[in-house]
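K.L.:
Residues per chain, in single letters:
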Amino acid sequence: MARLVDPLVVGRVIGEVVDLFVPSIFMTVAYGPKDISNGCLLKPSAAAAPPLVRISGRRNDLYTLIMTDPDAPSPSDPTMREYLQWIVANIPGGTDATKGEEVVAYMGPRPPVGIHRYVLVLFEQKTRVHAEAPEERANFNTRAFAARHELGLPTAVVYFNSQKEPANRRR
Amino acid sequence: MAAFPSASASPSLAMSASTWRMASLRAALPSLRPSPAGRLRSSFSLAATATAASVGCLGSFSGLAPVSNLLSLGAENSSFEHRLFGIDAHGRIVAMRHGKRIPRLNRPPDQRKALLRGLTTQLLKHGRIKTTKPRAKAMRKYVEKMITLAKDGSLHKRRQALAFIYEKHIVHALFAEVADRYGDREGGYTRIIPTFPRRGDNAPMAYIELV
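Residue numbers (our numbering), protein chains in the order written: chain A, 1 to 171; chain B, 1001 to 1211.
Take these hints with a grain of salt, some might be off.
Below, computed lysine to aspartate or glutamate pairings styled on DMTMM-like, alpha-carbon distance capped at 20 Å [to be verified]:
| no. | chain 1 | residue 1 | chain 2 | residue 2 |
| --- | --- | --- | --- | --- |
| 1 | B | Lys1157 | B | Glu1177 |
| 2 | B | Lys1130 | A | Glu165 |
| 3 | B | Lys1141 | B | Asp1152 |
| 4 | A | Lys126 | A | Glu102 |
| 5 | B | Lys1125 | A | Glu165 |
| 6 | B | Lys1141 | B | Glu1186 |
| 7 | B | Lys1125 | A | Asp77 |
| 8 | A | Lys164 | A | Asp77 |
| 9 | B | Lys1168 | A | Asp61 |
| 10 | B | Lys1130 | A | Asp77 |
| 11 | B | Lys1168 | B | Asp1184 |
| 12 | B | Lys1130 | B | Asp1180 |
| 13 | B | Lys1151 | A | Asp77 |
| 14 | A | Lys34 | A | Glu165 |
| 15 | B | Lys1125 | B | Asp1088 |
| 16 | B | Lys1137 | B | Asp1180 |
| 17 | A | Lys126 | A | Asp77 |
| 18 | B | Lys1151 | B | Asp1180 |
Note that these hints are calculated values from the structure, not bench results.
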């Protein structure tokens, strides 16, 4: 019975970051050799460089990718929800994120306290978007951003977890 | 007329049987553990202290107890060994675990309590932790109990919370912020999300987070 529930709903990504949607595009996110699956744990050092995000879709369509952290600064006290990590706009379908325009530069996960979720949301654009970067990364709202640029519901969402590595090597 | 002597004998026997107490019956049984460390499988309840006290004070009452080899068997300080049977709160012998809902977590009661105290402290500090699924399920009760104490907010409840949580700044922060965070929510302050098993021993892991 538990397997039928979407991991995005179980991890409360749908509800806190995005609304319920129907996924229509395949998106694979890879940090180095490893692909991301929903809820996997990644070290911040492994995610320091921007990932390789490959999407399907038609060549004429343009997509926007947003990466946020809804648990900033701490999951028990998310006063800065959401913390913006990356925005790439105007990605042509069927390619990867390097072919788009980076509106907000990539910032790797840096969770100070607790285990944070990092959510990557893909939207389909109706027209070419000229997005301006927000003044500050904290208190970002994905839904408001999507409403402002008429992006509608997301087409693909994936999330992973990350926590601060201790200074000395763990077992 | 042979019935009458037996009839007159049996009531007197019955009366003397009814004057026997539970305590002396228990003393007659072989005492497996002389130390009242809550081995009778109910860690926090009053019944544990009552039975432990009664068995413990009768451990010294060795008049009716059988020979010292059994006492020396019980005197070894091992918490993990498999007991063949235990005695419940009614003085009955039980060999099975029917209806016992306390998770033992493979630890004796003092270590179990310390583990749960440490886990709830860390969850209240970090907001989301990753641990094994049985531990996450066992800890829900204590985390929610702490949040309920904080919702009450009086000095007595604060001192009760301070007695359980290891770091006092966490208690003060919890009492300060719980009203606006969980004021409307009735119960269900935690969520458990299962995740991939641990590599070393394939233990089922789960994230537990505050709602």
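K.L.:
What hint numbers does the structure not satisfy?
P.N.:
9, 11, 12, 15, 16 and 17
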